[in-house]
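K.L.:
Got chain P sorted already, so can you dock chains W, D and R onto it with the hints?
Protein chains in written order, with the UniProt record's numbering: chain P, 1 to 313; chain W, 1 to 313; chain D, 1 to 313; chain R, 1 to 313.
Don't take every hint at face value.
Since the list gives no way to pick one copy over another, a pair counts as held whenever it fits inside one copy or between any two copies.
Straight line, CA to CA, 20 angstroms or less: simulated PhoX-like cross-link-like pairs of lysine-lysine [claimed, not checked]:
| # | residue 1 | residue 2 |
| --- | --- | --- |
| 1 | Lys-300 | Lys-71 |
| 2 | Lys-285 | Lys-300 |
| 3 | Lys-76 | Lys-254 |
| 4 | Lys-169 | Lys-254 |
| 5 | Lys-38 | Lys-285 |
| 6 | Lys-197 | Lys-138 |
| 7 | Lys-38 | Lys-18 |
| 8 | Lys-71 | Lys-197 |
| 9 | Lys-138 | Lys-38 |
| 10 | Lys-148 | Lys-70 |
| 11 | Lys-197 | Lys-148 |
Derived from the structure by calculation, the hints contain no laboratory data.
Residues per chain are reported as follows:
There are 4 protein chains.
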Amino acid sequence: MSLTDLQNQELEDVRSIKNTTRRPTVEALEEILYKPLKALDHGFVRLIDYMGNDAAVVQAARVSYGSGTKKINEDKGLINYLMRRWHTTPFEMCEIKFHIKLPIFIARQWIRHRTANVNEYSGRYSIMDKEFYVPEIKDLAAQSQTNKQGRSTDVLSAEESHRVLEMLKDDARQCYDHYMEMLNLNEETQEILDPNKTGLTRELARMNLTLNYYTQWYWKTDLHNLLHFLRLRADDHAQYEIRVYADIILDIVKKWVPFTYEAFLDYRLNAVNISGKSIAVIKKKLAGENVTAEDVGISKREWQELISLLEIK
Amino acid sequence: MSLTDLQNQELEDVRSIKNTTRRPTVEALEEILYKPLKALDHGFVRLIDYMGNDAAVVQAARVSYGSGTKKINEDKGLINYLMRRWHTTPFEMCEIKFHIKLPIFIARQWIRHRTANVNEYSGRYSIMDKEFYVPEIKDLAAQSQTNKQGRSTDVLSAEESHRVLEMLKDDARQCYDHYMEMLNLNEETQEILDPNKTGLTRELARMNLTLNYYTQWYWKTDLHNLLHFLRLRADDHAQYEIRVYADIILDIVKKWVPFTYEAFLDYRLNAVNISGKSIAVIKKKLAGENVTAEDVGISKREWQELISLLEIK
Amino acid sequence: MSLTDLQNQELEDVRSIKNTTRRPTVEALEEILYKPLKALDHGFVRLIDYMGNDAAVVQAARVSYGSGTKKINEDKGLINYLMRRWHTTPFEMCEIKFHIKLPIFIARQWIRHRTANVNEYSGRYSIMDKEFYVPEIKDLAAQSQTNKQGRSTDVLSAEESHRVLEMLKDDARQCYDHYMEMLNLNEETQEILDPNKTGLTRELARMNLTLNYYTQWYWKTDLHNLLHFLRLRADDHAQYEIRVYADIILDIVKKWVPFTYEAFLDYRLNAVNISGKSIAVIKKKLAGENVTAEDVGISKREWQELISLLEIK
Amino acid sequence: MSLTDLQNQELEDVRSIKNTTRRPTVEALEEILYKPLKALDHGFVRLIDYMGNDAAVVQAARVSYGSGTKKINEDKGLINYLMRRWHTTPFEMCEIKFHIKLPIFIARQWIRHRTANVNEYSGRYSIMDKEFYVPEIKDLAAQSQTNKQGRSTDVLSAEESHRVLEMLKDDARQCYDHYMEMLNLNEETQEILDPNKTGLTRELARMNLTLNYYTQWYWKTDLHNLLHFLRLRADDHAQYEIRVYADIILDIVKKWVPFTYEAFLDYRLNAVNISGKSIAVIKKKLAGENVTAEDVGISKREWQELISLLEIK
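Chain P extracted, bound-state conformation:
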């Protein structure tokens, strides 16, 4: 995440701005505005702009003439109510914009969230930077045997890890060297390498890069869709690498809309969707009755999860 001098200068310039506005501001966000918050080895999350705050949720829910806020306590209660009852539209009234640098294979997961605005750095138009993601040894997990989609808690042996990192680094470097050779450009100076060669078009040469190369984009979404993103991506089932970004953004949400954040934790992130059949199980258990998976006709896997969730012995 080493920025060039020019980029650092741009950052300082933009952070030195002091404007006056009638719009609501959030002190804790102003503090971090434009700063790159480090993610993985070369990535970052930069908050670029925001619209609204907790009061704006309330304001929209009430279709208010003023700021929406009555008493802090009532606002908090209303936000809890809206979150609990899935009245989602008031949360769409806040908007946030980020500049994000992330590996391409993570960008491919991220972009599946369709209700967002995106401008990505273009490999058709510009030369890709020589920056690729290499996991830390502690994150080199084995394939899970029970969950085809996830990682085991086991990590590779020292020797196996070493070999994996070697392959990742060597292949990424070689692919980039060849990318630049195809473009007929010098890697350091970005000047023409061989005046007798033409150089392949950028939109083709880029296909030689590996999926751990970093890309970057501007990404803007509303609070409701951001929370949906976080619910899926700040979750145990999400791939570790995207969770790193989700956790950083979750922390920004906490600073931005503290009431909404709390409601989100209780009614979404820490909440569980319990099926009709599972509710029947809980009722019987509470009534002191005995009940088995077969009795209610739920699958073994679901039964296990329920037992484990409720810490039933």
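P.N.:
Below, chains W, D and R alone, put in the same frame as chain P:
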């Protein structure tokens, strides 16, 4: 559009806020923030919040580390280029939020623009105000004979107008009186009318109101989708009543993003989509050849529009 | 819901079609295709077209070369798994299209579901029919005192009901008579009423109609978004009038995709989203501990709902 | 695009289905249903399902009780009118579903079209196939000097081409070999390579693959959004590799909805959006006046395009 004392107080309170921010601000928008701009007889458009400006479009297009802006001239050129070539995503990076009061039959057209966020005043939850739209006499157009969907340029006779306004007003008033009677509420005090009656639930009683009753909502959208809305609704083919709102918003866009506004006028609002066949016509005309509608196989209506557009005699 | 002779003829014509296709078909849907299924007093739901079935969900989830189906048991298990874990995209691979006739005040709720395709009958272009919704006496509920948004279980007295229906009918009729008078049209023949008058344009005259007038539209959506619609609108908190439509559609879903339907019932319609704090309550209860609302910091209303859900005494 | 015996068997099975339906069918589409249509070296487009036809557009525009169709001539005229006047919603009433195999760097462009449903083959869950895209020598274009985003019409020299292909092939192969080594799997048998090793989790190992590896997905969208996709991707400014897919799909559209296809060609693909200023130029030219770029204030690039479009000398 007469606000209550309480609403006026809320407006003053919210307009008196002075915050400091690192985010870009737009002087001309700060000026009108929260002020109700009158539309039709009882409606309004109130700017509630905004995110970004012309520079934010440039910033996103360049995936920039700073404000995006280089030289004003280059910014203007880039915005023209983006608009001309339908690179629409950078315009999605600006966001705007309004509080709008409008007749229900116009709200029904407006809501068809799906890529927006909306919180509407709820007739299930709250009592509807006694405010309904009555056109001015000059707007009481006859049905167009050539365009089944539009108005003729003729207006009704004085006598016919008088009768129409009478019916509109009387029916709206009577329906509201009955609405309140169904609710078992006093119109002035909103207190219970007859203690021996129960009162119909609000969600049912509201069905007795006519479609010219005013509703209100918070409406938020991005600049790209706003321009798409304006292209359709600030157009001659749009119903006059929604055009009144579109024109007010168009004027806000002019204050907000002057470069984008100019590009929008030239490449969208004043531009024409000319079909392949019509281009063939223009080419022949320019080459001094004679050409008829039959030659190129275009319909009479389309031919007339082309002739009229190009002022060909 | 009385159709004209012409409409009945069109229906018969379109139902008499027998085509051969390689696409999957659903026997039970072919049976009801194009038939108007009655809703409320004059409305209907007509199934117009459908794409896919349970197997198509499986096929997409497996990115399969064939029909996706292996064994019926595995398909059912996979569909349950997808529903339970909120893997929603495979359910987007089925599509359904309806022709629906419904009161305008219900259409205004319905249209808030944005991820759908809609073509509505145009009151700018065409003359509205004289058909309006009048509730049955048993549905004339009083306003709920505890839930500002809903109906009480009490209905109005016979006398009060009688008066409400009278007002609803009289106002709707009078508004329509005036609508036709504004258009200068004869109600029976739709011919010009008074040759010396011009007649107001349709797009204005329609504003005199009440919100219980029927409109109609073609509405198309994918299975995932349809289920989301049903989850909200086939629910107790939904207004009765939209629930009538939702229940008809739910029954069509049952015929269309029986495995998905069952999973939907268990994991959505009969499921409950239980907050982190409520889960803590359940755990303690199961472990035989005593616990109060204050202990875990949840609101009284939420506590009541939890107690009632779990039938805890 | 060599399918396995199993895949071929699945294809045959699914193509052998003969169902009877009341829904509209399209002969020419039934013919190609499920067949892989080759794209690039290993990719394909497979039509999986479709809903509606030209008549369904008309049916929805008319909110019809029957098939919508009156006379073929009127249908064609209405479709032209809808396309010309940007009445886009009736075209949303047809839906189509494909199974597509395509290089990842093309998938990344494709996915930016957000209004579509997608299920992609998962590299978290499954092992990626050893299939990567290598351009033909004739497609190895040089970078354009005038258009930073595109290809020049020049291709590389034989020698330079040879070297580029060598690098593309060698790097892709080596990256795949290492991918399998990381997974600790034998490339041929997909069995465990070394019983003493653990094997890296799939979701990490995949990052070592290059961007020209093939992925595949189910992709479903409505006709309106498909045409928007084609307008951008079957265009000269689109990257050649995505245009190959767009052209195949355009041909399917021609079979599916011939009237819509013709209207699309004339009013979209062959049409030009002419700015207000450019219209002024055309008017003056037609009136025999002289006019320069400076007179109307349009940029040199835009002026050149206008001159070239109208073949003005």
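K.L.:
State for each hint whether it applies.
P.N.:
These are the hints, each one checked on the structure:
Taking the closest pair of Cα atoms, Lys-300 and Lys-71 come within 20 angstroms of each other only across two copies (19 angstroms); inside a single copy the shortest separation is 48 angstroms, beyond that limit. With identical chains, the CA atoms of Lys-285 and Lys-300 are at most 20 angstroms apart within one copy only, with a shortest distance of 18 angstroms there and 24 angstroms across copies. In the homo-oligomer, the alpha carbons of Lys-76 and Lys-254 lie at most 20 angstroms apart inside one protomer (14 angstroms), although the nearest pairing across protomers, at 37 angstroms, exceeds that limit. Proximity of Lys-169 to Lys-254 under the C-alpha cut-off of 20 angstroms is found in neither arrangement, the shortest distances being 36 angstroms within a copy and 48 angstroms between copies.
For the homomeric pair Lys-38 and Lys-285, neither the shortest alpha-carbon distance inside one copy (47 angstroms) nor that between copies (43 angstroms) is at most 20 angstroms. For a Cα distance limit of 20 angstroms, the shortest separation of Lys-197 from Lys-138 across copies, 16 angstroms, qualifies, whereas the shortest one inside one copy, 44 angstroms, does not. For the homomeric pair Lys-38 and Lys-18, neither the shortest alpha-carbon distance inside one copy (25 angstroms) nor that between copies (33 angstroms) is at most 20 angstroms. Taking CA atoms no more than 20 angstroms apart as the test, Lys-71 paired with Lys-197 passes in neither setting, with 71 angstroms inside one copy and 35 angstroms between copies.
Taking the shortest Cα distances, Lys-138 and Lys-38 sit within 20 angstroms of each other inside one copy (18 angstroms), while across copies they are farther apart (43 angstroms). In this assembly of identical chains, Lys-148 and Lys-70 lie within 20 angstroms of each other by CA distance solely across copies; the values are 19 angstroms between and 50 angstroms within a copy. For a Cα distance limit of 20 angstroms, the shortest separation of Lys-197 from Lys-148 across copies, 18 angstroms, qualifies, whereas the shortest one inside one copy, 47 angstroms, does not.
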